[in-house]
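Peer 1: In order, the protein sequence lines correspond to chains A and B. Here my numbering is used: the first residue of the first sequence is 1, the next is one more, and so on. Here my numbering is used: the first residue of the second sequence is 1, the next is one more, and so on.
Bear in mind the hints are in silico, worked out from the structure with no lab data behind them.
Derived, one-sided and incomplete: chain B residues facing chain A with beta-carbon distance under 8 Å:
1) P349
2) A387
3) V416
4) M433
5) M440
6) P472
7) A479
8) D481
9) L482
10) P483
11) F490
12) W494
As the structure is a computational prediction, the values presented were derived from the model and not from experiment. Every residue, glycine too, gets a C-beta built ideally from N, C-alpha and C.
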Amino acid sequence: MRVGLFVTCLVDGMFPNVGEATVALLERLGHEVDVPLAQTCCGQMHINTGYAREALPLLRRHVAAFAGYDAVVAPSASCVGSVRHQYVGVAQGAGDAALAQAAAELAGRTYELSEFLVDVCELTDVGASFPHRVTYHPTCHSLRMLRLGDAPLRLLRAVRGIDLVELEPAAAASCCGFGGTFALKNADTSTAMLADKMRDVLATRAEVVTSADSSCLMHIGGGLSRLRTGVRAVHLAEILAGTASDPAGEPVAGAAAGSVSGGPR
Amino acid sequence: MTTAFLGMPLPTAPRGVGMLRGDEPFPQAARRALGDAQLRRNLGKATGTIRARRAAVVGELGDDWERLREAGAAIKDDVLANLDRYLLQLEEQVSARSGTVHWARDANEANRIVLDLVRATGATEVVKVKSMATQEIGLNEALAEAGIAAWETDLAELIVQLGHDRPSHILVPAIHRNRAEIREIFLREMGAPGNGGGVPAPPDLSDDPRELAMAARRHLRDRFLRARVAISGANFAVAETGTLAVVESEGNGRMCLTLPDTLITVMGLEKIVPTWRDLEVFLQLLPRSSTGERMNPYTSLWTGVTDGDGPREFHLVLLDNGRTATLADPAGRAALRCIRCSACLNVCPVYERAGGHAYGSVYPGPIGAVLSPQLTGVADNPTLPYASTLCGACLEVCPVAIDIPSMLVHLRTKVVDAGRRGARPPKPEAMVMAAAGWAMAKPGRWRRALRAARLGRLLGRRRGVIRHAPPPLAAWTSARDLPLPPTEPFRDRWSRTRGHQQGSGS
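Only chain A is shown next, with the shape it has when bound in the complex (with noise of 0.2 Å):
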């Protein structure tokens, strides 16, 4: 299968060890991918932020830049999230009907990685290797608007040498605060709201806390690494890219931060 990389801006631009990653999962699972460099942001934070204006030309690009894969994959549930449930309206709100529809379509085949992986390859096992205590957070997005489900549990479960340990359900179900620019706008109740689900994290005593998306691992991550817990936060690609010959790497500083990777070499 033709896989594009949606790489999403703020791997690109920040983690960009997580968009090695999900190349060199796909890549070891047999798939031709190709990253079209035309891509820069899909507009998610103008939209949420009340720019739809501003977005709609973002919206074009991205529409554009992906026409004519097979699939188009992200490691991130908020940006799918958006292509799949925001881009149709803003495009008609814009009385931009060819661009609506050319957002369905693209819709229909753009995925996040695990669903990729688990609904349309079929896959649990992807042949990886994390020998960590690692909880995973469901973010938002991946659990209420993708409704992923168990997805990347089903995912996590089947690393080699992973000691997975889950939040309580209603730990899991809690938004960690960050909520695009929410964590700048509203910084004191997202704060707070990052305290509870860093206590959460901290009470699995895991090592690691992964999830679908680098910008809510960014806010616990950086919470983590503010208190010095000694906690990492790792993104679910990274985890699944690791191999016993080829670990997933660890980060240089900080809890989210990283500029070497266990990605392809």
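For this one, chain A is given, so just place chain B on it according to the hints.
Peer 2: Leaving out everything else, chain B in the frame of chain A:
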């Protein structure tokens, strides 16, 4: 309703009356609430309990629950699409059964109508059934100004009133108070001189819930037996027969609705259901969603006036107060489906931390964040649509399936678009967004922007993470470290290592 779509701005809820606007922006109000450890504990405990109760009684219905939600949403959408017809049908039916219908364009009109009606009876006090609509229009305050005392009879509403406080939850207005605080309020206020000769609390009152309830019962019994006028809201109005419905748990509503000579009901004009069969759907949806009960203890239904039974005079005040304006927005009107169950408050992570007062409106939580700005116009409540992480928990539990997250995004767009008009120079946020949009518009610019971001590495060159970033990211690093930008963005690395492949883009 026939004139609703002419492109003219429709009147919103007027300023200076009622309780739909806060004194300060949400982030500031929330900050103060977050510093109150007692409040956070009370809220966390209360919302957690009620959340679990709701989940249990909704879960036992299995797939039927989804069917009920769909039915509830469809019935309300039909009501909203044909409101002109249903309202006239309701008026006709209420009038045919010796009730009187009054139309109130806004809070001021509604208050004036009620005040005139109370004055006509000669009464100087009224008893009240818990009602969101009368809180919305500030009726108690309007009556007090005219020298008429309005006694709240719902237990939680009584606690709020005695505490000279404001409600912070739709269903449990005193959710921010714990037992010890309630005991203090009862002891101090029930028999206070300013409390209209109210029966005081027993001096040995403990904070046992049963004792507190008994003290309230004695205090209120006196009020019920004395009252000649009652004021209520309505949960539903059945258009086909002109029947009004109030659902409650304590029986205080039943006392108000049956004992006094005169009953005045103030109702938002969207509260209609077409038929009794439709009512069946909502009497299942509402208690399970709000109190987490299969059925609420008291459901009172009344149709006009009946000789020798209940009030001899019945007035129904139909309140607009920004509802027609809300109805005119296709992307916002579903907020009028709301049946005030408060399930969205109980699951909202923002409400759970910030509490109801931070929203500044009688409608707090997620539904308040979409309803208040529409009733007042977004210019008067510009921070409420941003008081959410868009986590989607509210949509999941809403018994009439209001897509609150999408509506919040829609209202944010309205806030931004309103800000574009006349903002010279543009707000800093608008400039940041415009700059980001410009950089993201072309891959070449985007690549240069990402490379320039490497300069950010200087901010964390000693610690390996950024502890203090300049604005607008300073709000981020107030509580969170920021990772260093990578030495090489993903796209540069891809071009360098896979440059031979296609996909270099434009």
